[in-house]
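Since the structure of chain A is provided, determine the placement of chains B, C and D on it from the hints.
Number of protein chains: 4
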Amino acid sequence: MPSIDLNCDLGESFGTYTIGMDEEVIPSITSANIACGYHAGDPIVMSRTVALCKRYGVHAGAHPGFPDLIGFGRRNMASSPAEAKAYVQYQIGALKAFCDSASVPLRHVKPHGALYNMAGKDYALAKAICEGIYSIDRNLILLALSGSEMIRAAADTGLACASEVFADRAYRADGSLVPRGQEGAMIEDEDEAIARVIRMAVERKVTAIDGSDIDLKADSVCVHGDGSKALAFVVRIRAALESAGVTVKAF
Amino acid sequence: MPSIDLNCDLGESFGTYTIGMDEEVIPSITSANIACGYHAGDPIVMSRTVALCKRYGVHAGAHPGFPDLIGFGRRNMASSPAEAKAYVQYQIGALKAFCDSASVPLRHVKPHGALYNMAGKDYALAKAICEGIYSIDRNLILLALSGSEMIRAAADTGLACASEVFADRAYRADGSLVPRGQEGAMIEDEDEAIARVIRMAVERKVTAIDGSDIDLKADSVCVHGDGSKALAFVVRIRAALESAGVTVKAF
Amino acid sequence: MPSIDLNCDLGESFGTYTIGMDEEVIPSITSANIACGYHAGDPIVMSRTVALCKRYGVHAGAHPGFPDLIGFGRRNMASSPAEAKAYVQYQIGALKAFCDSASVPLRHVKPHGALYNMAGKDYALAKAICEGIYSIDRNLILLALSGSEMIRAAADTGLACASEVFADRAYRADGSLVPRGQEGAMIEDEDEAIARVIRMAVERKVTAIDGSDIDLKADSVCVHGDGSKALAFVVRIRAALESAGVTVKAF
Amino acid sequence: MPSIDLNCDLGESFGTYTIGMDEEVIPSITSANIACGYHAGDPIVMSRTVALCKRYGVHAGAHPGFPDLIGFGRRNMASSPAEAKAYVQYQIGALKAFCDSASVPLRHVKPHGALYNMAGKDYALAKAICEGIYSIDRNLILLALSGSEMIRAAADTGLACASEVFADRAYRADGSLVPRGQEGAMIEDEDEAIARVIRMAVERKVTAIDGSDIDLKADSVCVHGDGSKALAFVVRIRAALESAGVTVKAF
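Protein chains in written order, with this note's numbering: chain A, 13 to 263; chain B, 13 to 263; chain C, 13 to 263; chain D, 13 to 263.
Any given hint could be a false lead.
Remember, identical chains collapse to one label, so a pair may be satisfied in a single copy or spanning two.
What the hints assert, rightly or not - In silico SDA-like pairs for lysine to any residue, Cα to Cα no more than 20 Å straight-line:
hint, residue 1, residue 2
1, 133, 159
2, 241, 15
3, 133, 90
4, 133, 87
5, 217, 93
6, 241, 28
7, 261, 92
8, 133, 251
9, 241, 69
10, 133, 234
Just so you know, the hints here were simulated from the structure itself, not pulled from any lab data. A quick note: this is a predicted structure, and the numbers were derived from the prediction, not measured.
Bound conformation, chain A alone:
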């Protein structure tokens, strides 16, 4: 029976600043990517988010990013592979402390934002990140863009990985995402988005922007909890997946 994971970035609040409707979205997801204090999140928020994962039985993962709070980790930074590795180790370790404290297993690591995007295309960066993850716990699972350099680097490192797909993004014939800003990059229609995800889960296929059918590994769908519209979509996609006979469960 086909199954898929729903992952969502949580724990992005910082001090007095709140982002995301973590308490509302968590009942609908199966994996949480928890910010680790570099691009978002702080120790109090991390502790609280790990407790939320425990309460809802959601798998906890680290979501390390660049040290760029002002840019929310979304801006490319020319970090060396050694720096990226050390940043990832630092952040995973920090989150793991809260997981250990709460007896919540740390399951996976999903790089955030610009680090995710850069490592998806840069093998040396991806390899360094994978080695950083592996060095802490070789049972951690990398969650990364389906077909990316990160998936390749994880395999080379001996790290298990889960392939992430996007409901609202178009794919090119080579399996890469159509870059934001290009025509047709976003799947605006929610019904179409959901239908695509179901097909990815069941058939492991999606229609690329050129009309061709491509194979796609789809272990997890990225969903968002940063607004009531996003929240409604999570509820809808989960129900639609279950109606279509797809089990929603963590990878």
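Coordinates of chains B, C and D only, in the frame set by chain A:
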């Protein structure tokens, strides 16, 4: 046979900024308190410092501080116990990642600067810190001021602890340090400082500023590696301790 | 004819993080205290907030705080007077750049949070802050707690100042605020709060918590824009002041 | 009579961390680029560095960089032009506060590190930076790489600029620097470096790496104060310039 540990703060460099003569001092010490990125240190420095500990067989400990890089963690900050606990968990976890990566056991935790001083006098803060440490690994050892609230809180938490003494500081009859700035607070004469440490190690006694002899638990002496004079003193005190029949080894 | 200023903290958003309903509250206030990047705010937010002040003819002021983004500048930090002075100079200068760029005069400075509270009671800290302000532009006006050490230090420095009162706080017979947490510290009833402010504006008097009538200098009332309830209160108090014949205008 | 300026980055210390021999190098230079707290420097250091400029009659300039203390502003960050403009405004304003306080005129702005390099090649970024500078004080002078996009953007903005040359770097026939890492990029021989600078100052010409003679605008030479070797070179180059009849003075 009496023994004592020599502990030193290491890994306080940050990015392009260098503090401390880590490579020079490490052969003479037995425990390293490694900065964790809040008041000093960064992921690259932490990784390098853990590697140094491994090379020299020096025990690695976490040295968590307040999030005050500009003030080097030396300024009191009105953190709540919950905040202090979370800060300590975060930083220990971050350092533990580098220890795990290098197969170096993380042995102890010594709070830094203002956090050390505040928690030494504030039981609620000390207790929160001890609970943070215990929550991550109950075999970690707290290194804290002899006779302080931290030592008391560690006992109440079930956390092993090591009592720290200072070679260059005068003590009051109640075992507390004479505050810096008060007359006689500093032991300026090196020979006297060393003689006092030897007596603390052998007899577990020291002469207080009022002339009385007091009992003092002395598991570890704090030494410094931030200059050639400090470095020379470490070499001297180690030799003097060994000559006096005191084994220099980690607690 | 009596007049009073309504001041509000604005520009507290940071990067992706939003705090405050700046656009909604600004039409009702006369002075804006703009965060300067230490406890809140960032360059883009500062630029935008100065533009808002220009559009609505609201007086722009700097709102410098401690370098404690994670604690929103609300935690006491043991800064020396020299540090506090330099922090204030830095932040005022940074904001002034955006004011100069937009041809908006920088009118006042109101220290934020813990800096405001600490300097209100510590003359040396207050004096250093006043000297920092004066050194940049001697025509800047200090906005500070009525009757506090800051008001005294401003007078000693030759700096004009405006005395701030609080609608929702009780006063002691000596003119100081009843500390939060003490019974009766907060004026919960909105009608009572407004009546008190009108009396402060018209008669320069308020009833202290012991029932005595005290004189109080009231140049500006602190209002908040961080929620719909706070926003409604600003609209109400402004209307009530105007109905009572009090002109609402900047000091 | 030919003249040239010697500029040096100063004020790069941060909190307890010291970089640079500011007190030693300042007697030999004519313009100081002062770090503004983003990539280096802090308010206390800025205040002290402005005082140094005053004591030695050295022209004070702002040295704004990316908000990347851990990377010392040397790593490319994908900032938008609007962000870069606001960052530069913020930092110039902050430094200007210390200049105003000390009655030291702020003369110039030299972007730092990665911001300097990126803006040297990216006209949109350069233009945004120039507009930021101009918006604060249209009499500020941009100090930037000779022949770069920044020089072009300054001209388009109506901002005066000074062209910077490097003693220890080779040039290509188009006037750009031979990238570090390429063979021949560095002029290793000090005598040759000095002879080249003298020729740039006197003849406004330099021999490019392909052997051709090219015209080069040389208003200022970048020197360093971060070590005794660098310091000795500054003393030497100044003496050599003066011996060759080149007046060393600020642009």
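Going down the list of hints, with the structure as the test:
1. 133 to 159: within (10 Å within a copy, 33 Å between copies)
2. 241 to 15: The answer is neither: 25 Å in one copy and 45 Å across copies each exceed 20 Å.
3. 133 to 90: both (14 Å within a copy, 16 Å between copies)
4. 133 to 87: Both: 15 Å inside a chain and 19 Å across chains, each within 20 Å.
5. 217 to 93: Cα proximity of residue 217 and residue 93: none, with 33 Å in one copy and 40 Å across.
6. 241 to 28: between (24 Å within a copy, 18 Å between copies)
7. 261 to 92: Close neither inside one copy (35 Å) nor across copies (38 Å); limit 20 Å.
8. 133 to 251: neither (33 Å within a copy, 51 Å between copies)
9. 241 to 69: neither (24 Å within a copy, 36 Å between copies)
10. 133 to 234: Within one copy only: 19 Å inside, 37 Å across.
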